[in-house]
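A.B. asks: The lines below spell out each chain.
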Amino acid sequence: QRQKRKSLVPRETQVKSVELFSHLPQFDHKPLEKSFQSLLFSGLHPEVVKLGQAYANLSISGANARCLAMLAIFKLVIEDYNTPPGKVLTRDLTNHINIIIQFLIDCRPLAVTMGNAIRFFKTKIGAIHPSTPDMEAKKFLVDEIDQFIQDKILDASNVIADVASAKIQDGDVVLTYAFSTSVLRTLQAAHERGTRFRVIVIDSRPHFEGKKLVQRLCFMGVSCTYAYITSLAYILPQVTTVFLGAASALANGTVVSRVGTAAVAATANAFNIPVVVCCETYKFSHRVQLDAITHNELGDPDALCEVKNRPDVNDLRNWNDLQNLRLLNLRYDAVQDKYITMIATEVGMIPASSVPVILREYNTGPSLL
Amino acid sequence: DIQVPFVVEQFKQFAAAPDANEVVATIQALTEVLRKSRATTTMGVQADLDTASSELIKGKESSISIKSGCELFKRFITRMFRDAQDFEECKAKLIHRGERFKKSTVISRLKIVNHAKPFITDDCTILVHGYSRVVLAVLHNAVSNNKRFKVVVTESRPDEAGIRMVKALDDMGVPTVFISDSAVAHYLANEVDVVFVGAEAVVENGGIVNKIGTYQISIIANTFNKPFYVAAESYKFTRIYPLNQKDIPYMGTKSLVEVNSLPSSTEVWNAGSDFTPP
Numbered sequence: 128q129r130q131k132r133k134s135l136v137p138r139e140t141q142v143k144s145v146e147l148f149s150h151l152p153q154f155d156h157k158p159l160e161k162s163f164q165s166l167l168f169s170g171l172h173p174e175v176v177k178l179g180q181a182y183a184n185l186s187i188s189g190a191n192a193r194c195l196a197m198l199a200i201f202k203l204v205i206e207d208y209n210t211p212p213g214k215v216l217t218r219d220l221t222n223h224i225n226i227i228i229q230f231l232i233d234c235r236p237l238a239v240t241m242g243n244a245i246r247f248f249k250t251k252i253g254a255i256h257p258s259t260p261d262m263e264a265k266k267f268l269v270d271e272i273d274q275f276i277q278d279k280i281l282d283a284s285n286v287i288a289d290v291a292s293a294k295i296q297d298g299d300v301v302l303t304y305a306f307s308t309s310v311l312r313t314l315q316a317a318h319e320r321g322t323r324f325r326v327i328v329i330d331s332r333p334h335f336e337g338k339k340l341v342q343r344l345c346f347m348g349v350s351c352t353y354a355y356i357t358s359l360a361y362i363l364p365q366v367t368t369v370f371l372g373a374a375s376a377l378a379n380g381t382v383v384s385r386v387g388t389a390a391v392a393a394t395a396n397a398f399n400i401p402v403v404v405c406c407e408t409y410k411f412s413h414r415v416q417l418d419a420i421t422h423n424e425l426g427d428p429d430a431l432c433e434v435k436n437r438p439d440v441n442d443l444r445n446w447n448d449l450q451n452l453r454l455l456n457l458r459y460d461a462v463q464d465k466y467i468t469m470i471a472t473e474v475g476m477i478p479a480s481s482v483p484v485i486l487r488e489y490n491t492g493p494s495l496l
Numbered sequence: 054d055i056q057v058p059f060v061v062e063q064f065k066q067f068a069a070a071p072d073a074n075e076v077v078a079t080i081q082a083l084t085e086v087l088r089k090s091r092a093t094t095t096m097g098v099q100a101d102l103d104t105a106s107s108e109l110i111k112g113k114e115s116s117i118s119i120k121s122g123c124e125l126f127k128r129f130i131t132r133m134f135r136d137a138q139d140f141e142e143c144k145a146k147l148i149h150r151g152e153r154f155k156k157s158t159v160i161s162r163l164k165i166v167n168h169a170k171p172f173i174t175d176d177c178t179i180l181v182h183g184y185s186r187v188v189l190a191v192l193h194n195a196v197s198n199n200k201r202f203k204v205v206v207t208e209s210r211p212d213e214a215g216i217r218m219v220k221a222l223d224d225m226g227v228p229t230v231f232i233s234d235s236a237v238a239h240y241l242a243n244e245v246d247v248v249f250v251g252a253e254a255v256v257e258n259g260g261i262v263n264k265i266g267t268y269q270i271s272i273i274a275n276t277f278n279k280p281f282y283v284a285a286e287s288y289k290f291t292r293i294y295p296l297n298q299k300d301i302p303y304m305g306t307k308s309l310v311e312v313n314s315l316p317s318s319t320e321v322w323n324a325g326s327d328f329t330p331p
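Residue numbers (my numbering), protein chains in the order written: chain A, 128 to 496; chain B, 54 to 331.
Chain A extracted, bound-state conformation:
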């Protein structure tokens, strides 16, 4: 029986929850702000607390960004770490890291990328011989993390960009949704090749992540159109290919991504438009999911009531008092494998059904993950 880890951030009692999603951790932002001060004094590295805050208020968001930030913090923690006398580095450091991870989970549930990176990191800690001096052990761990970042995230992104940008031809109209670093890299690679294409960015509330993408693309000189998700069916007839990012790819070929992605993929499918998902292999997970209900993350319901710079739009401000009203702000979406034409990974272009094959290779190959 797994012992439930003691939560570092005390949670208040249940706010109104939607029944279908009552099995998921409910969103509860306020306790975090209250307890930040006490956490700083409890011995948690201040950078860790800052990171937790950044996760909670979504200033660091996205599978790659969150993982990179977490690994940077791990490196910092390792550098500042010294094995206390009488203790073994492997066990003590692992305990230390576990506390940090628990805190990060309390701020915001782990992304699959973070989970995979943590598993990798713990394996590396476990591989250290007890007699290794601290300096050497720390250098080893920092090097391993750097190697992981370089191979699995940065280089992988470049390979995916090469692979996927080959599928963009002159005259193409590419549609994408929200903001994905892999898709951005791919479009950049295609642009650098000299391909003439234009991009339509679809965006949605409450976060409008697509605006970031449009900014970056325009800066590169790619011609862009920006549209809201409700106009999807109107826009799609002009589109030749759809490129989507992923938060993770599951063992049954389902791709988990920002909420709204499934709508884009399904509609594109109805118009017979190929859907390409750009996904690094470190995002692959053994989990199997048939829908977006069993596993998901609940965001801030208040975000649905507010519109930035529009204080006059406040009809829902009393939603909490209305007995029959629940607000649901889901963060993730599950795209079924039948809607995905191809997943571009750093090991090549694969159909969604081949995700378990890659996972199996990683399990048997000692040098991978």
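No lab work stands behind these hints, which were simulated from the structure alone. Incorrect hints may appear among the rest.
What follows is a set of in silico ranges between Cβ atoms, one per label pair, in the way DEER data are often shown [said to hold, decoys possible]: (1) A/D278 <-> B/N167: 40 to 46 Å; (2) A/L147 <-> B/R186: 55 to 61 Å; (3) B/A236 <-> A/Y353: 46 to 52 Å.
From the three backbone atoms N, C-alpha and C, an ideal C-beta is built for every residue, glycine too.
We have chain A; now place chain B onto it with these hints.
C.D. replies: Below, chain B without anything else, positioned relative to chain A:
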């Protein structure tokens, strides 16, 4: 470099042989390059082969079979050299293997024919499209096993593939029916039990590239819940991954119409192959 036109010459020679397949001819041509190569290191040999491959691919208007043949040979070489110790011994082994490749294709065809046996039942009606030697081998084997069946052959315009198929089947003594390409749905609905086709290439997501018209027939067969079987050797597997019909290299075919029967300003679309997704 004298080897550059040499490989294209060799390829043409091998491809001109009766019953030749482009993938096999590519591998045979590359074996000859390997034999003639004066390189003494792995890197040298690979460089020679890379030059030869790009000449082949450049020459023949990006045929999928040629590309996949080159990739297959390259992978083969890399693996052999990685595992081997002595360069000369390895090179000799590779040349020997390359020469035997053509023979091994006969064996692969026999294996396919064996696997396909249970799918042809007595009194079944089989629809075929395009001219495929693998399918012919399968049907020939069925005849030798005294199975009774009838074959419906599509015209497979515009390059008379259907007519060649009918002639070959007639030589085997199989009752054949010749239909036009547009009549496929009409006959598949009731008369035909199963569809057999070959493949020019098998692509990475499990789909196939084959004679134009294959995709249509597969959709119709799917609608009527008739089994659609593809017989293809494993050397036809390639690493291309088409997203849609446009994404395969364009391979034109014999002219679609008589030269003067259309107004001169008419565009004629005449793709030779289409892509059937899994």
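A.B. asks: For every hint, state whether the structure bears it out.
C.D. replies: Right, here's what the structure says about each hint:
1. A/D278 <-> B/N167: 40 to 46 Å: holds (44 Å)
2. A/L147 <-> B/R186: 55 to 61 Å: holds (58 Å)
3. B/A236 <-> A/Y353: 46 to 52 Å: holds (50 Å)
Violated hints for the displayed structure: none, as all numbered hints are satisfied.
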